Every structure is written in C-alpha cells, then in structure tokens.
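Below are the chains, spelled out letter by letter.
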Amino acid sequence: MVLVFYVAIFVVSMLVWGRIKAHRGRHDFTSLKTVTFGDESAIQPDRVASVISILSVFLIWGAFTGSSIVPLHVPGPFVGEAGFTYTARAPEGAEAEAEVRVMVHEAGVAPVTPEVPEGSGFAKGDAAVVQAWRSVLLRPVENDGEGAVVVAINGQPIAVDDRVEVTGGTVTLTPRGALNFQAAKGWQMEPIWLPAPEAVVARFVEIATNGYQNTSLWGHLGASLARVMAGFVLGSIVGIPLGYAMGLSGWFRGWFDPIVEFMRPVPPLALIPLVIIWFGIWETGKVVLLFLAALWIMTIAARSGVSGVKLSKIHAAYSLGASKAQILRHVIIPNSLPDIFTGARVAMGVCWGTVVAAELVAAQKGAGMMIIAASKFQLTDIVVMGIILIGIIGYGIDILMRMAEKRLVPWKGRG
Amino acid sequence: MSGLIIDNISMRFDLPNGAAVQALQNVSLELKQGELLSVLGPSGCGKTTLLNILAGFLAPTEGQIVLGGKRVVGPSPERGMVFQQGALFEWMNVRHNIDFGPRMKGMAKAERDRITDHLLETVGLHDFGEKAVYELSGGMQQRVALARCLANDPDVILMDEPLGALDALTREKMQGLVLKLWKETGKTVVLITHSVEEALLLGERLLVMAPRPGRIFREYNLPFAERGVNMDLREVKKSEGFAETREEILSMIWGMEEEIMGKKEGAA
Ligand SMILES: Nc1ncnc2c1ncn2[C@@H]1O[C@H](COP(=O)(O)OP(=O)(O)OP(=O)(O)O)[C@@H](O)[C@H]1O
Ligand SMILES: [Mg+2]
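Chains as they are written, first to last, in my numbering: chain A, 1 to 415; chain B, 1 to 268.
One chain only, chain B, in its complex shape (with noise of 0.2 Å):
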C-alpha cells in the first residue's frame, strides 16, 4: 500500500534574533493512494512549509512523513513537485522539460520519447514539443510543468499553487485539466491554494489550516471533484451544497484574518 501518513509533524523556525516561529504544530493526516487533498489556509499558516516537509526539502524538528511504508528523509522522483512558476528550465525546449527525469534516470531515448509524445497529448500541447518555453503562454507553462511532473510517474504530486498566477479563465481551464489527469492517473495530490473555489472544485479531501501556530483547523470530505470529473466546472459551482460550503470556509478564513489583524493591532 502506497498511502502517505503525516505523523504528529511539528516544525519550528530558530530566527536568528532568537525568536522562534512555530510554523507547524502536531499535523496529523492520513491519505490513501489516489486521493487528492487541497490545503487553504491565511498566509503564513504554514501550507508550503509543509508541502516542502512533504518533498523532503525541509526535517520537521517532531514527527514524520511516510509514503509506502518507507519514511521520508529527502526529495525523491516519488513525490513529483508542480510549482508556481519559473520553475521550468528556460535553457531546454519544452520536450527536453518534460523528459527531464526520465533522461537523468538514463532512460532510452525511444522510450523517453514515447512517455513525452503521449504526455504532449494529454496536456495539449502537441505541436509545442520544440518549442521554447519562454516562448509560451503562463497557462502553457504550467501544462509543461504538469507533464514534467508526471513523466517521472511520481506516486504522490505535491503542487504550491499551481495555478495561482494565471487568469481567471485559464485557471478554469487548467482546474479541469487537473482534475482529468488526477482521475486518469490515479495519482495521489496534495495541492495548496488561495483560492476557496478552486480547492472546493478539486479536492476530494479539504484541509483549513488556521496560522500561530500553523495547526489543522477544519478537515473536510467533499463531492465536488468526483462530480467534476463528468460535469463542467461551472455546473458543479452551481450544485447542491457547493455555495454554502463556500461560505462557510470563507467565512472561517476571515475569522482567522481579523485575528491576526487584531492581534497585531494589539501587539502595537
């Protein structure tokens, strides 16, 4: 079994004026092959640090990670990592992007070239493979960035807001492209994201985190990304439960906002 335990992780920062941050406090969470969980939250409450803990770029002071069984003490192609932006390497067209994995692992080139063909189809890209990157769109990069990720055939892809700095219709786009490929590869998500709708729309599993320390507040199971994969996105906004859900994350959101807007008035 490939599940991915978060065991009790607690991660606190040393500053170097003597101060600590407690980024992370006893998170605990379990997630079975498959599954794809979003993670909201206020910034600073701890979402990429833990994602990197999760990557192995970062040792939690308390607690583990273990995938498979296995523990995790670094990164490793099991856990495929899907970025922001900028993360593609401009110095390579967008094939060599994509079979970037394959190619350190020294895979043939026939069979490299294989995985690269099939996966420009399915992000959709198929006429782009020489293309380079700069040369695409924000929208398009990030498709790259997704085939690159699984190229290496990951077991678990962790995604920092991967869609954050595009526009609001081809982030609805990508939603959707997101959604077909975690169904089609069954693949294991965690993905952060700022935007309630989006974790609404795509997680199967919904984490809200609350900041100082950086904990677990809410947990939810949801049935909007199941619905997703045969409705369109703008039919599951409008179905049963979804606008109330929506309310009440945001409105739990805001709550936190206020108090650390209170509490630094405070502190003041």
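So that you can see chain A by itself, here it is in the shape it has in the complex (with noise of 0.2 Å):
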C-alpha cells in the first residue's frame, strides 16, 4: 500500500518536473548533448528530486500517521459508537433479537459507556467500550438467560469462525460462543507501530530539554560520538603506522597480510561476544570494539597509499639527493594522505554503525542504549527519534569528513 503512493508520488512527480523543465528550457553544456543515456558526466543528481524525495516520505508518513501537519490523510480507525443486532437462539429453539452497542474511543480518551439498548423477548441489549484498532470480546447471550447461543449478526447466520463486517468493525463467533469485536483499523498505523511525525518532534523536544534516563540528549548522543572518536583515534594511531610499514617492508607486509587479510572481512558485529568477554560491556569493551573496527580500514587506506606513490616520483626524490627519512616525510605521506582520507572516512561510517549497534547490547548512555531502552517500554517515537539523529549524525560526519578531505589534500586524485 506504502509502496503503491511512494511508487505514484515518484512517477507523478518526476513526469510533471520533466515538463515544467521541458516547458522552460535549459541552455547549459549539457542540454546540448544529443547523448546522456550512458554518459555519466551528463547525470545530475536533479535536486528538486531530492526535495521532492525527502516531502513525500514526510507525506507518506504523516498520511499513514494521521498527522496534523500533512492535508491528506488514509482512512483513519473507526471512532464512536459501533454495534450491531445478534439473534440469540434458546435451547428450547425460541429466537429473539438484541442490539450490542460498542463505543470506540481513542487511546488516552475517557470512554462513554453506551446507553444499554432494550432487547425483544428474552434477548437483552448489551454494551461495551473498546480503544481503536483493537478488539474485545462479548458474551452477549449471558445475559439472555440459560443456554441460549448467538446463531446471527445483523440477521446474518453466523457459524464458528465466521466472520461478519458491521458498522464500524468486524465480529467473529469464537468456538466458544463468544463474539470477538474487532475495531475497524482503517489505513493509518497505530502510534506505537509509528507515531506521527509531530509526535516525534515533540518527544525529541521533550528529551532535549529534559534528557532521557538520567542523561540529556547531548549526553547520549556525545557519549557515542566519544566513543566513536576514541576507537578511531586509536585505531588511527596504529593503523597508519601499521599501513605504512607494511608498504615499505617486505617483513612487515608478509607478517601482517595474512592478519590484515583474515580479519578485513569479519564484521567488527561478530567480535562484539568475544569483546566483552575479554574486556567487559563497558567503555573499554566498546572503545576495544571501535577501535577493531577502524584498526584494519586505516591500515589497508595506510598501505594502499604508500603502494599507490608513482616509482616516478621516488626516483626523481632520490636523485634530488633526498634521504630515505625525507622522502617518507615529503613523498611517501602527503602521496598517501589522498588514501588515508578515504579509508577515515570509510571507518567513521563503520565507526559510527558499530557503536550504535554496541549500545544496544550494552549501554548506561549513548544513542543505541537510548532506542533500545525506548523499545522496551514501547515508546516507538523515542526509538524513531533515535534513529533519525542516528542517520543524520552519521550523514553528517561523512560530510565533515568530506569537507576536511577537500580542504586537505585539494591534490587528490590530480597526480
């Protein structure tokens, strides 16, 4: 259903856009290629696609939420009074009618109980309350004197397990002789599945101001991101060092290979059981953890770097009468900075991934223990919350990271 309107919007959109840009009309390089299928330098990522791409996820999620700040909705839950009419049937084979009054009322609503509507014969009317989206089970007939059985809805037969759509729910016969009245669910996702973007913003207020479990926002949050900072770090201060000496001696490369090697393709997820068996749930547990986790990028980023210097430029370092210090110092580093960044970058993400998902197992602070404390209590919009600054932290540090890059090594990729 979700899919069906995020496919819509996507067509819709872009076949709109395409003509109001026809209709303007473009006169840059690129409008004047004849062929742009297969030429990846005439592929812009158009940026009204992008905004359009994130409104209408905020769309999609509002009108499945029922949320204020989306116009249109989907078809919400059915609230107020719904009911229905039953035959009961005696045992000695008499039938007679009764109306069954539920009211539907919304989570966190004082209900109003029904008025008891009057039965006919000996069926008596019954009444109920029920929250949307959920169901209740009635015993209509205990009220009808002894024995009697429902046989009908709205004048329908009605056999165990049958299913009847009434007004404002379904009811279903339970092999027991109850009826189960489901509440019409309509569309829209209750709040606890996902709660309203509005609901969200509140609660993400709310935790700024007063913090979550003893800690603020800003605590959870900077707690992971020092985490994050001190694997990096270390993994940093080995790694390089360890890249480079792997470039530059056959010793070292053929030592460390087969280790490098061995532990590039195990997920810094998989060590986290052997992590904290040998260093505890704690902080140096999940420094250790980060710090694996960076430790193999930067020494592959380190290595690659310095097995990338043109032998050209070596050659030409030396018969410039540089020492072996200096020429690791002018030529062999700034050559593997370009490298060197790539690979930070690369560990931030995982970095970042990493710790979120140590928090989870274990945490007193951080953005993983936050969602996952949040989970446990059902507070979907704390767990929401969580991870979006999650995702825009982690989008965030890659763009810092990419600004430092151009900033730093403006040469890569010019050699």
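No wet-lab data here; the hints were simulated from the structure.
For clarity, every value in this text was computed on a predicted model and none was experimentally measured.
Don't be surprised by glycine CBs; every beta carbon is placed ideally from N, CA and C.
One or more of the hints may lead you astray.
Unchecked claim - Simulated pairs of lysine to aspartate or glutamate, EDC-like, Cα-Cα distance not exceeding 20 Å:
#1 Lys238/B x Glu204/B
#2 Lys187/B x Glu161/B
#3 Lys324/A x Glu78/B
#4 Lys173/B x Asp127/B
#5 Lys406/A x Glu130/B
#6 Lys183/B x Glu226/B
#7 Lys105/B x Asp117/B
#8 Lys183/B x Glu78/B
#9 Lys313/A x Glu78/B
#10 Lys412/A x Glu135/B
#11 Lys238/B x Glu172/B
#12 Lys173/B x Glu184/B
#13 Lys173/B x Glu235/B
#14 Lys237/B x Glu248/B
#15 Lys185/A x Glu106/A
#16 Lys32/B x Glu184/B
#17 Lys180/B x Glu204/B
#18 Lys412/A x Glu130/B
#19 Lys313/A x Glu161/B
#20 Lys70/B x Glu30/B
#21 Lys313/A x Glu135/B
#22 Lys313/A x Asp153/B
#23 Lys105/B x Asp155/B
#24 Lys180/B x Glu226/B
#25 Lys310/A x Glu161/B
#26 Lys32/B x Asp7/B
#27 Lys406/A x Glu135/B
Said to hold, decoys possible - Footprint (simulated), chain B over chain A, 3 or more residues, beta carbon under 8 Å:
#28 302-315
#29 330-344
#30 403-414
Said to hold, decoys possible - Partner residues aside, some chain A positions facing chain B, computed with beta carbon under 8 Å:
#31 Gly321
#32 Ala322
#33 Gln326
Got two chains here, separate frames each, mind docking them using the hints?
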C-alpha cells in the first residue's frame, strides 16, 4: 500500500517536473548533448527530485499516521459508536434479537459507556467499550437466559470462526460461543507502530530539554561520538604506521598480510561477544571494538596509499638528494593522504554504525542505548527519533570528512 | 674532469619463469663535460634501462659507470632526472617543487628563493611560483620539472622522453628551451626520445640503439644542435644534411622494427 503511494508520487513528480523543465528550457552545456544515456558526466542529481523525495517521505509518513501537519490522510481507525444486532436462540428453539453497542474510543480518552439498549423477547441488549484498533470479547447471550447461543449477526447466520462486517468493525464467533469484536483499523498505523512526525518532534523537544534516563540528549549522543572518536583515533594511531610499515617493508607485509586479510572481512559486530568476554560490556569493551573496527580499515588505506606512490616520484626525490626519512616525510606521506582520507571516511562510517550496535547490547548512555531502552517500553516515538538522529549524525560526519578532505588534500586525484 | 664514462655495461633481467632478457649488451661510451647525447631506438631496446643505470637506480650485471672519476653506486643529486610526466609533487606548489633539492640539503631560505626566482624566470614561469602544479598545463609542468632538476645544479641531466606527452607545438617550444638551458648551463645531458627529429635537433651526439640484445647500433656526431642555438629550429630542419640524416635513421629504425616483427611472426 505504502509502496504503491510511493511509486505513484515518484512517477507523477518525475513526469510533472520533466514537463516543467522541458517547458522552461535549459541552455547549458549538458542540454546540448544529444547522448546522455550512459554518459555519466551528463547525469547530475536533480535537486528538485531530492526535495520531493524528502517531502514525499514525510507526506506518506504523515498520511499513514494521521498527522496534523499533512493535509491528506488515508482513512483512520473507526472511532465512535459501533454496533450490531444479534439473534439468540434459546435451548428450546425460540429466537430473539437484541442490539449490542460498542463505544470505540481513542487511546487516552475516557470512554463513555453507551446506554444499554433494550432487547426483544428473552434477548437483552448489551454495551461495551473498546480502544481504537483493539478488539474486545463480548458475551451478549450471558444475560439472555441459560443456554442461549448466538446464531446470526445483523440477520446473517453465523457459525464458529465466521466473520461478519458490521458498523465500525468486524465480528467473529469464537468456538466457545463468545463474539470477538474488532474495531475497524482503517489504513493508518497505530502510534505504537509508527508515531506521527509531530509526536516524534515533540518527543525530541522534550528529551532535548529534560533528557532521557538521567542523561541529556546531548549526553547520549556525545557519549556515542566520544566512543567513536576514541576508537577511531586509537585505530588510526596504530593502523596508519602499521600500514606504512606494510607498504615499505617486505617483512612487515609478509607478517601482517594474513592477519589483516583475515580480519578485514570479519564484521566488527561479530566481534562483540568476544570483546564483551575479554573486556567487559562497558567503556573499555566498546572502545576496543571500535578500535578494531577502525584499525584494519586504516591499515589497508595507509598501505595502499604507500603502494600507490608513482615510482618516478620516488626516483625523482632520490636523484634530488633526498634521504629516506625525507622521502617518507615529503613524498610518501603526502602521497598517501588522499587514500588515508578515503579510509578515514569509511572507518568513521563503520565506527558510527558499530557503536550504535554495541550500545544496543549494553550501555548506560548513548544513542543506541536510548533506542533499545525506549523499545522496551514501546516508546516508538523515541525509537524513531533516535534512528533519525543516528542517520543525521552519520551523514553529518561524512559531510564534515568530505569538507576536510577538500581542504586538506586538494590534490586528490590530480596526480 | 667530470666526463661521464659508460664502461662496457651489460644488463640481464632474470625473469621469474627462468627465462632471461638481455636488455643491454656491452654498451660503452664516453661523454665529455657539456655534451648533449640523444638516444634513439625502437621500443624495448633498453633505453630506459640504460638511463636507470646511469641514474644509479639499477646496478648493471656487468661493467660500470664512472662520473668525474668516481664510480656510480646509487642515485645522487649530481645526476638529475627529468621524467616524462607525473613526477612532480602535486602536494607542493611550483616554488616548493623547484626548491625541493636545495631544501632537502638544508640550504637557507633566502638563497633558495634566489635560485628559484631565477629559475622561474629562466623557464618562463615567473608568475606561477605559488600555483599548484595540477593547475598548470602539461608543457608548463615539464618546465617545472626542468627547473626542479636545475635547482640542484647537477653535473649530468638525464631525461627519459621529457617531451613525449606534449602536443607538437608545445614540444617545439620546449625543444628550444632545452637547447637554451643546455647552452647556458653547460651541463652534460642524456636525452632519450622516440622522435627522430627531436634527437637530431637536440643531440650533439646521437646514439641509435638496436634491440635483442640492447646494444649501440650507430653513433653520430651532429651539427644541428650547435646550429639550433643561434637559429630558429624550423630553419635548422631545413638546413643542409638534416633531411638526409633523418631519412637514414628512420629507415634504419624501420629496418629494426621489421626484423622484430619478422622474428615474432617466425616464433608464432
Ligand atoms: N624490471 C624488469 N624486469 C624484467 N625485464 C625488464 C625489466 N625492465 C626492462 N625489462 C626488459 O628490458 C628490455 C628493455 O626495456 P626498456 O624499458 O629499457 O626499453 P626502452 O627502450 O626504454 O623501451 P621504450 O622505448 O618502450 O620505453 C625490454 O625487453 C623489457 O622487457
Ligand atoms: Mg623507456
């Protein structure tokens, strides 16, 4: 359902924007290319598409959660008075009809029990309340005399496990003769599955001001970031020199190659149990885990940075009179920086993902701890907020790294 | 005296599969201080190998190189190199590329700057000192490479196809620059090239090498480089003897290429 909406928005906005663009006409170099399919340089991300993409995620999110910030909603759950009539049969064969009224109320609203309707004959009316989305077990024949059973709903004969659509929900006859009334769910999601965007924002504001579980929001995020930084810095301090050594000495390369190549494909998450056994579940364990996550990536990045130096540059430096130390300092290290930056970007991404996962296992604070603790209390809004924050921070880290790369290694790819 | 003596050099590469390539066989040559030698030959005849031995990056299997009475055992700043392209340090600006050698020696900044400014002027890049090298055109980059080599004041300059990647027009200008710098500085120069014309224009002496095994095939003493110092290079090409020599060498190299092709077909 959601997918259909999403694809529809995608296709419609693409066609509409294509029309608008064609109408306005663009006159830059790319627009003069007659062959763009397969010409990678002619493909620019359409910023309008990005904006519509983000908007449509919120639109669909809002539409399916009954959000007040979105004008259009898919049908929500039934709220109000539902009801049906049932036909009871007494043991001796007489039949009588009575009405059942069910008040379907929103969560958190005190329900008003409907008036008990009168019945006819021996069947007496009944009343019940139920929260939207939920179901309630009714025994309308309980007050209809000994041995009465339900044989029809709204005049429709019913057998065990049959389902009858009634106003505001569906009714099923259970094997033990009771009626299960399920309030109509509509297409929207229950807040416990997916809260509306504004609920998440409200939760964000609340946690940003009051904190969560004795730690401020910034405390949680800061704890995660601090672990990432600690692990990444330690991993770099060990990994980069190790990578250089592997790039410069056959003995080092021979010695560490099997270890590095073996550890590289092991996902850091698979190390969590062992790290917990060795270093405990608290800070040390996490930093060790992140250290290991960053270590191999940085080692490989530094090694390929060294191996990638053009021999003619080294030869040039030698015949200009540079010593080995000078060549390392002025040629090999600067030449490897672009690779190291690429590695650092990957390592930061991996570390950020790993820290959240490690915090899901055990932590007193941190972004991952926040969402796992909230999920235990079914506070889905906090979970969603946490996921969004984790995504934003991960994206932010990558953008910062890319900016740093542009500033610090402007020669990347221009050798 | 600082002549360059190539004393009966042989170089054999033993391949991992047990075979061996005789890249050079009994190459001997003597260059006087200030001579410009250009080296021509079909691909694979050992030109780069010879230059690497001269630079000290490779030790020959037989023979020795002697420069200024001393045997060459490794790379040294007295033998400067100019590579085809991509040997500049793109993390340094033009100025720092040029003064790399003096800087590594620990020369004082004022002295270094004096040398660099002078060289920037000489190669025609006076306004480009603070530019990043990747912002320069290919021809400008090779000017920087020449200046970087000269900043170190080497006795011998070794060039492996320094102008090979340039377009025809830029190449012609750069040939003029190489001639000018050679005359002004009086350095001994060994220049490897694929262009017969370039070899004739720049080489006071010219070596034609033949492959399998790599050896000296013919040696020439040529007047064109001397003419080129005072004459437009296009005039030199029209001058007496140029066209004839060019044809002679071209057919010589074509002959070798055909022989190689023939051998290959025979083997296959
Ligand atoms: N490191 C090496 N290992 C094995 N064989 C080598 C090595 N270097 C060069 N050779 C061989 O030595 C021969 C001469 O090579 P070289 O690079 O000196 O030729 P060249 O004349 O410079 O060729 P080109 O004009 O294509 O640059 C070639 O047959 C080459 O295959
Ligand atoms: Mg070569």
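So, going through the hints one by one against the coordinates:
1. Lys238/B x Glu204/B: Since the Cα atoms of lysine 238/B and glutamate 204/B sit roughly 17 Å apart, the hinted pair holds (cutoff 20 Å).
2. Lys187/B x Glu161/B: It holds: about 18 Å lies between the C-alpha atoms, which stays within 20 Å.
3. Lys324/A x Glu78/B: holds, 17 Å
4. Lys173/B x Asp127/B: With Cα atoms ~19 Å apart, lysine 173/B and aspartate 127/B stay inside 20 Å; holds.
5. Lys406/A x Glu130/B: holds, 19 Å
6. Lys183/B x Glu226/B: Holds, because 9 Å separates the two Cα atoms, which is no more than 20 Å.
7. Lys105/B x Asp117/B: This hinted pair holds, its Cα atoms lying about 18 Å apart.
8. Lys183/B x Glu78/B: holds, 18 Å
9. Lys313/A x Glu78/B: holds, 17 Å
10. Lys412/A x Glu135/B: holds, 13 Å
11. Lys238/B x Glu172/B: Roughly 15 Å separates the two Cα atoms, so the pair holds.
12. Lys173/B x Glu184/B: holds, 17 Å
13. Lys173/B x Glu235/B: Given pair lysine 173/B, glutamate 235/B holds - Cα atoms ~14 Å apart, limit 20 Å.
14. Lys237/B x Glu248/B: holds, 15 Å
15. Lys185/A x Glu106/A: Given that 20 Å is the threshold and the Cα spacing comes to 12 Å, the pair holds.
16. Lys32/B x Glu184/B: holds, 16 Å
17. Lys180/B x Glu204/B: Status holds; Cα separation ~13 Å.
18. Lys412/A x Glu130/B: holds, 18 Å
19. Lys313/A x Glu161/B: holds, 15 Å
20. Lys70/B x Glu30/B: OK: lysine 70/B and glutamate 30/B at ~14 Å, within 20 Å.
21. Lys313/A x Glu135/B: holds, 18 Å
22. Lys313/A x Asp153/B: holds, 19 Å
23. Lys105/B x Asp155/B: holds, 16 Å
24. Lys180/B x Glu226/B: holds, 11 Å
25. Lys310/A x Glu161/B: Holds, at about 17 Å.
26. Lys32/B x Asp7/B: holds, 14 Å
27. Lys406/A x Glu135/B: holds, 16 Å
28. 302-315: holds (count 4)
29. 330-344: Held - the segment 330-344 of chain A has 5 residues with a Cβ nearer than 8 Å to chain B, which meets the minimum of three.
30. 403-414: holds (count 4)
31. Gly321: holds, 3 Å
32. Ala322: Holds - the Cβ of alanine 322/A comes within 8 Å of chain B, reaching about 5 Å at its closest.
33. Gln326: This interface hint holds because 5 Å falls under the 8 Å limit.
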